[in-house]
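Enquirer: Taken in order, these protein sequences are the chains called S and D. According to my numbering, the first sequence is numbered sequentially starting from 27. According to my numbering, the second sequence is numbered sequentially starting from 3.
Treat the hints with care, as some may be off.
Derived lysine to any residue pairs resembling SDA-like cross-links, with alpha carbons at most 25 angstroms apart [said to hold, decoys possible]:
{"no.": "1", "chain 1": "S", "residue 1": "65", "chain 2": "D", "residue 2": "199"}
{"no.": "2", "chain 1": "D", "residue 1": "231", "chain 2": "S", "residue 2": "67"}
{"no.": "3", "chain 1": "D", "residue 1": "231", "chain 2": "S", "residue 2": "38"}
{"no.": "4", "chain 1": "D", "residue 1": "231", "chain 2": "S", "residue 2": "349"}
{"no.": "5", "chain 1": "D", "residue 1": "236", "chain 2": "S", "residue 2": "51"}
{"no.": "6", "chain 1": "D", "residue 1": "231", "chain 2": "S", "residue 2": "50"}
{"no.": "7", "chain 1": "S", "residue 1": "65", "chain 2": "D", "residue 2": "182"}
{"no.": "8", "chain 1": "S", "residue 1": "65", "chain 2": "D", "residue 2": "268"}
{"no.": "9", "chain 1": "D", "residue 1": "182", "chain 2": "D", "residue 2": "139"}
{"no.": "10", "chain 1": "D", "residue 1": "231", "chain 2": "S", "residue 2": "40"}
{"no.": "11", "chain 1": "S", "residue 1": "64", "chain 2": "D", "residue 2": "245"}
{"no.": "12", "chain 1": "D", "residue 1": "231", "chain 2": "S", "residue 2": "372"}
{"no.": "13", "chain 1": "S", "residue 1": "64", "chain 2": "D", "residue 2": "230"}
{"no.": "14", "chain 1": "D", "residue 1": "236", "chain 2": "S", "residue 2": "60"}
{"no.": "15", "chain 1": "D", "residue 1": "231", "chain 2": "S", "residue 2": "74"}
{"no.": "16", "chain 1": "D", "residue 1": "253", "chain 2": "S", "residue 2": "57"}
{"no.": "17", "chain 1": "D", "residue 1": "231", "chain 2": "S", "residue 2": "75"}
{"no.": "18", "chain 1": "S", "residue 1": "64", "chain 2": "D", "residue 2": "196"}
{"no.": "19", "chain 1": "D", "residue 1": "236", "chain 2": "S", "residue 2": "43"}
{"no.": "20", "chain 1": "D", "residue 1": "253", "chain 2": "S", "residue 2": "735"}
{"no.": "21", "chain 1": "S", "residue 1": "428", "chain 2": "S", "residue 2": "478"}
{"no.": "22", "chain 1": "D", "residue 1": "167", "chain 2": "S", "residue 2": "60"}
{"no.": "23", "chain 1": "S", "residue 1": "361", "chain 2": "S", "residue 2": "471"}
{"no.": "24", "chain 1": "D", "residue 1": "236", "chain 2": "S", "residue 2": "71"}
{"no.": "25", "chain 1": "S", "residue 1": "64", "chain 2": "D", "residue 2": "197"}
{"no.": "26", "chain 1": "S", "residue 1": "65", "chain 2": "D", "residue 2": "228"}
{"no.": "27", "chain 1": "S", "residue 1": "65", "chain 2": "D", "residue 2": "253"}
{"no.": "28", "chain 1": "S", "residue 1": "165", "chain 2": "S", "residue 2": "349"}
{"no.": "29", "chain 1": "S", "residue 1": "64", "chain 2": "D", "residue 2": "257"}
{"no.": "30", "chain 1": "S", "residue 1": "65", "chain 2": "D", "residue 2": "139"}
{"no.": "31", "chain 1": "D", "residue 1": "231", "chain 2": "S", "residue 2": "35"}
{"no.": "32", "chain 1": "D", "residue 1": "231", "chain 2": "S", "residue 2": "733"}
{"no.": "33", "chain 1": "D", "residue 1": "253", "chain 2": "S", "residue 2": "47"}
{"no.": "34", "chain 1": "S", "residue 1": "65", "chain 2": "D", "residue 2": "295"}
Derived by calculation from the structure, the hints in this document are not laboratory data.
Residue-level listing of the chains:
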Amino acid sequence: MLFWGCAAAAPILIHLWNRHRYQEMQWAAMQYLLAAIKKNSRRIRVEQLLVLIVRCLILLLFAMALSDVSCNWSSSLGTSLSMSGTTHTVLVIDGSYSMDYQSGGTSNFEKAKQMAKDIVDSGAQGDGYTLILMSDIPKVIIAEPSYDAADVLREIDQLQMIHSGANVTPALAEITKILEKAKRNHPRLNRNRIRIISDLTKNSWESISSQDATELLEKLSKAASFSVIDVGQVATGNFTISDVQQELPFATIGATTNFNVQVDGSGDPVTTQRAVRMYADDVFVSQQTFDSSADTATLRFSHQFDIAGDHTVEFRLDEDSLSIDNHRWQAVKVKNSLRVLCVAGQPGAAKYLAFALQPDRLQYPTVRPEVVNQSALLELDLLQYDAIMFVNVRDLVQEEAKLLSDYVYAGGGLAFFMGDRVQAENYNNMLASTDGVNILPTKLIGPSVRGNYRFDPREYQHAMLQAFRGQQDGGLLITPIWNYYRTEKPENNLSNVSLWLDSGDPAVIISKPPQKPTDEQHKFHLPGRVAVINIPASIQSVDRTLTPPESWTLFPSWPSFPPVIQELLIELVRSQGDSRNIQVGSPLIGRVEEASTDSSVDLIPPNEQRVRVALETVNGSHQWMFDQTEYSGIYQMIDRSRLDASQSFAVNINTRESDLTRVALEDLPGTLNLNSDVDNGSLSFAGIAGGSATGLFRLLLIMVLLLVLTESILAWRYGTGAA
Amino acid sequence: MTTAPKYLEPQRLAKLHGLKLRAQHIVEGFVAGSHRSPYHGFSIEFAEHREYAPGDDLRYVDWKVYGRTDKFYLKQYEDETNLICNLVLDTSESMLYQGPDAALSKLEYAQCLAVTLAWLVQQQQDSVGLVTFDDKVNTLINPASSAAQLMQIIDVMESTNSAGKTATGPIFHELSERLKKRGVVIIISDFFDDVDSMIAGLKHFKHRRHDVILMQVLDPAELEFPFSKSTMFKGMESMPELLADPNSLRKAYLEEMNASIESLRSQAQGLQMDYLLVRTDESLDVILNSFLSSRMARIH
Numbered sequence: 027m028l029f030w031g032c033a034a035a036a037p038i039l040i041h042l043w044n045r046h047r048y049q050e051m052q053w054a055a056m057q058y059l060l061a062a063i064k065k066n067s068r069r070i071r072v073e074q075l076l077v078l079i080v081r082c083l084i085l086l087l088f089a090m091a092l093s094d095v096s097c098n099w100s101s102s103l104g105t106s107l108s109m110s111g112t113t114h115t116v117l118v119i120d121g122s123y124s125m126d127y128q129s130g131g132t133s134n135f136e137k138a139k140q141m142a143k144d145i146v147d148s149g150a151q152g153d154g155y156t157l158i159l160m161s162d163i164p165k166v167i168i169a170e171p172s173y174d175a176a177d178v179l180r181e182i183d184q185l186q187m188i189h190s191g192a193n194v195t196p197a198l199a200e201i202t203k204i205l206e207k208a209k210r211n212h213p214r215l216n217r218n219r220i221r222i223i224s225d226l227t228k229n230s231w232e233s234i235s236s237q238d239a240t241e242l243l244e245k246l247s248k249a250a251s252f253s254v255i256d257v258g259q260v261a262t263g264n265f266t267i268s269d270v271q272q273e274l275p276f277a278t279i280g281a282t283t284n285f286n287v288q289v290d291g292s293g294d295p296v297t298t299q300r301a302v303r304m305y306a307d308d309v310f311v312s313q314q315t316f317d318s319s320a321d322t323a324t325l326r327f328s329h330q331f332d333i334a335g336d337h338t339v340e341f342r343l344d345e346d347s348l349s350i351d352n353h354r355w356q357a358v359k360v361k362n363s364l365r366v367l368c369v370a371g372q373p374g375a376a377k378y379l380a381f382a383l384q385p386d387r388l389q390y391p392t393v394r395p396e397v398v399n400q401s402a403l404l405e406l407d408l409l410q411y412d413a414i415m416f417v418n419v420r421d422l423v424q425e426e427a428k429l430l431s432d433y434v435y436a437g438g439g440l441a442f443f444m445g446d447r448v449q450a451e452n453y454n455n456m457l458a459s460t461d462g463v464n465i466l467p468t469k470l471i472g473p474s475v476r477g478n479y480r481f482d483p484r485e486y487q488h489a490m491l492q493a494f495r496g497q498q499d500g501g502l503l504i505t506p507i508w509n510y511y512r513t514e515k516p517e518n519n520l521s522n523v524s525l526w527l528d529s530g531d532p533a534v535i536i537s538k539p540p541q542k543p544t545d546e547q548h549k550f551h552l553p554g555r556v557a558v559i560n561i562p563a564s565i566q567s568v569d570r571t572l573t574p575p576e577s578w579t580l581f582p583s584w585p586s587f588p589p590v591i592q593e594l595l596i597e598l599v600r601s602q603g604d605s606r607n608i609q610v611g612s613p614l615i616g617r618v619e620e621a622s623t624d625s626s627v628d629l630i631p632p633n634e635q636r637v638r639v640a641l642e643t644v645n646g647s648h649q650w651m652f653d654q655t656e657y658s659g660i661y662q663m664i665d666r667s668r669l670d671a672s673q674s675f676a677v678n679i680n681t682r683e684s685d686l687t688r689v690a691l692e693d694l695p696g697t698l699n700l701n702s703d704v705d706n707g708s709l710s711f712a713g714i715a716g717g718s719a720t721g722l723f724r725l726l727l728i729m730v731l732l733l734v735l736t737e738s739i740l741a742w743r744y745g746t747g748a749a
Numbered sequence: 003m004t005t006a007p008k009y010l011e012p013q014r015l016a017k018l019h020g021l022k023l024r025a026q027h028i029v030e031g032f033v034a035g036s037h038r039s040p041y042h043g044f045s046i047e048f049a050e051h052r053e054y055a056p057g058d059d060l061r062y063v064d065w066k067v068y069g070r071t072d073k074f075y076l077k078q079y080e081d082e083t084n085l086i087c088n089l090v091l092d093t094s095e096s097m098l099y100q101g102p103d104a105a106l107s108k109l110e111y112a113q114c115l116a117v118t119l120a121w122l123v124q125q126q127q128d129s130v131g132l133v134t135f136d137d138k139v140n141t142l143i144n145p146a147s148s149a150a151q152l153m154q155i156i157d158v159m160e161s162t163n164s165a166g167k168t169a170t171g172p173i174f175h176e177l178s179e180r181l182k183k184r185g186v187v188i189i190i191s192d193f194f195d196d197v198d199s200m201i202a203g204l205k206h207f208k209h210r211r212h213d214v215i216l217m218q219v220l221d222p223a224e225l226e227f228p229f230s231k232s233t234m235f236k237g238m239e240s241m242p243e244l245l246a247d248p249n250s251l252r253k254a255y256l257e258e259m260n261a262s263i264e265s266l267r268s269q270a271q272g273l274q275m276d277y278l279l280v281r282t283d284e285s286l287d288v289i290l291n292s293f294l295s296s297r298m299a300r301i302h
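If we strip away everything but chain S, and leave its shape as in the complex, we get:
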């Protein structure tokens, strides 16, 4: 612009140049010429100056109309000419799944895309565009201003909604970064405008009144003009399957697997009955209806799997305007039976435990315990077992501790039953070391003094004790205990203590070992659970201070022992299905037995765009991770080395976004400049554009035209015309 602006000095230069270029002429009527000069010199100077100014203005305005303003905001000229130049438009489209709400055959997301395209279409030559998809973590589609409108339109066309919620505050932070970067790298874009197109749901926008958002808004409002375009709907009724819980964390063939399906929401008063259908491996299983006049309903579905392996279950709710949350999936790994390795510290120590794990002798037992001596531990493939239980094992060597650590971080469940042989110091060193293996939820102290102790369930709050609630005759409370193993109370989380003793010491502690973000070896792992049971699982633990020695407890032979062990096993394997059922945005993690030739597996997301995922080998285990879980549905992992070893994963939405309640418009800051007249899609983009550069171009040209006309009149009036 400065370069073009120099053209405005041309008339002055021409004027000065002409003073040195003139013709000479003899003149007789000089006295009249001198008289004319004498009387009119002041007027002539003023007229010449006026014409000169008009001519300079013509060129200056013409240059402004035709050229880009290449000065930035910081320059004084840029400030004075801020009406000119090119515009950086930050387009922010709400990508939360509530935007999938359908009205008039079109989703709000499609409307938003069309509006964004209209904004681009109404832009001027030289304008730049950046594009952000607003979600929980904003997704920057175009980070650097793009000057190719066709490219921007293409990107908008290809935008796909993410099956997650949205949060306006991180989006504002991302806008701030983009504007700062554009200011440095694209100084020619001297005007900024932010266009946020959203349905204004409360969940996405409630953070707008936070301190962080207020500060960001204040900062942004100084650098850009805001406009929030409301594409939301008035109706907020919506039903959603908010949760599916498998009653038991495992499924075995021949056993009935139960699912509890939670439905939430509110609907129109016309439809009073709605149905939820269950599909197993895409085959219809059953249907249940519920009264939709209630805000919530829990439905119980059952299914018996006949084949071991990976299965998928889908629950479908009757369709309404928001379809995404009418589906929920569950990946179920069906096993022949749960394999539990019982490691006996002395012969016969695991007898009661094995019985408690498999009290019946069915053809297809749900749990299949295997009792071994400690010496066999290093020879077994521990990953074949769903859980490993140690019964009164005296001590562990380092190799065993390392093996157990890998097993737990691979998702396995581990339980240590204390007893008279257990060496506290060895356990603490091997399994609770600060610089080595650290999987034990607490540190061991040693045997308690002889006494008369009882279990204290403390309101049966822990999931493991739910089965005992209201079952006082089950014998749990009167279990005779004279000795137990003392452990430190978990300092950070007392909720890890599942069962207490009336002495105030923990009886059962279950927790996950800490995840170490910097631990490369375990970065893929969702660790399994580790339990410490301070009451022996064998009556062979005796107090040798007495003569004759007397047993620590009768708990292994007490009626409460089998149910406690069954519940303990459920708790130990509860997290094993977690890696197969995750929420949108969480990483998928898996393991294959053999690596393919190119060390990768294929992953097929719900949109069926196959993705190749690299394998990493850690301690001989081939593992993979995929973190682009943006869409809900079933993800299929294909192991090309073993086609029969495919794995299924269910990725579900966080149904927080299903609440379509809108943010109170009056609570939105005025700087956002809300445009909400969009119910019928008749939003005026002229207003949103805030004065397009095309209009400015025309205005400048009109001014040039008027000045040319003025110059002609002045020239005629002052000189040529008077002749």
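Starting from the known structure of chain S, fit chain D onto it as the hints suggest.
Expert: Frame of chain S, contents of chain D only:
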């Protein structure tokens, strides 16, 4: 008269070198159309009436008197048979100006005009004399009606050098005294001089009962100021230089010029003098035709 205009157009005269040739050309032009010419009987001052007698020229019958008295009276003019015409020609430096669109300089045109008038007067068997001046009287040829007078006038004009400033006031006073016999005094000049001084001199002529005719010869460029480029105007007659943008000055200059012309015209009329503005791009016969016709109509 059908061929006269071609002979007398400035462009045609300009192709002829020397005043003699031009004079000859002019005479030929006038002779070619003389039978319908109005070029006679100009400048005779009315003196009295006398009764009509058979054989008198009916053109001199005063029809107004006839209307009132029902008798024929003729207008009697003073010196009717002995007209004395003095041609006073300005030969100052400013008369040398020749604009870009003019074929002749003002002086050349004025000389042609003077020759024409001299010839016309001589054709009437009247006396014609010549005075040339700038800031002083350079030449003075007393009026005579001899055949050689015209050639003498032409010779004098041709040999006159143009120089010096215009100083009409003192010159007119001097001439008023030196021209003893009353007659017609035709002053041919651009009159680029102080008007008040000039008018004082003219009044002196009037006081001496001369019939004065002012012929202001101006170049078209002086009347229109048609320049557009930035111009350094170099003043003649020792006037200063001036660099100016003609476009911005045009209006003011023309106002000054027109005011001067109008002032001269009105004051001349106030003194019962005839005034004629002569553009050097106009044909001689056209100018003289219209002027003499109107003058005759006014007198008769």
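Enquirer: Determine for every hint whether it applies to the structure shown.
Expert: Verification of the supplied hints:
no.	hint	in the structure
1	S:65 x D:199	23 angstroms, holds
2	D:231 x S:67	18 angstroms, holds
3	D:231 x S:38	17 angstroms, holds
4	D:231 x S:349	81 angstroms, violated
5	D:236 x S:51	6 angstroms, holds
6	D:231 x S:50	10 angstroms, holds
7	S:65 x D:182	44 angstroms, violated
8	S:65 x D:268	23 angstroms, holds
9	D:182 x D:139	16 angstroms, holds
10	D:231 x S:40	13 angstroms, holds
11	S:64 x D:245	13 angstroms, holds
12	D:231 x S:372	123 angstroms, violated
13	S:64 x D:230	20 angstroms, holds
14	D:236 x S:60	12 angstroms, holds
15	D:231 x S:74	15 angstroms, holds
16	D:253 x S:57	15 angstroms, holds
17	D:231 x S:75	18 angstroms, holds
18	S:64 x D:196	17 angstroms, holds
19	D:236 x S:43	21 angstroms, holds
20	D:253 x S:735	21 angstroms, holds
21	S:428 x S:478	37 angstroms, violated
22	D:167 x S:60	17 angstroms, holds
23	S:361 x S:471	38 angstroms, violated
24	D:236 x S:71	22 angstroms, holds
25	S:64 x D:197	19 angstroms, holds
26	S:65 x D:228	20 angstroms, holds
27	S:65 x D:253	12 angstroms, holds
28	S:165 x S:349	23 angstroms, holds
29	S:64 x D:257	13 angstroms, holds
30	S:65 x D:139	34 angstroms, violated
31	D:231 x S:35	21 angstroms, holds
32	D:231 x S:733	23 angstroms, holds
33	D:253 x S:47	23 angstroms, holds
34	S:65 x D:295	40 angstroms, violated
Checked against the numbered hints given earlier, this structure breaks hints 4, 7, 12, 21, 23, 30, 34; the rest are met.
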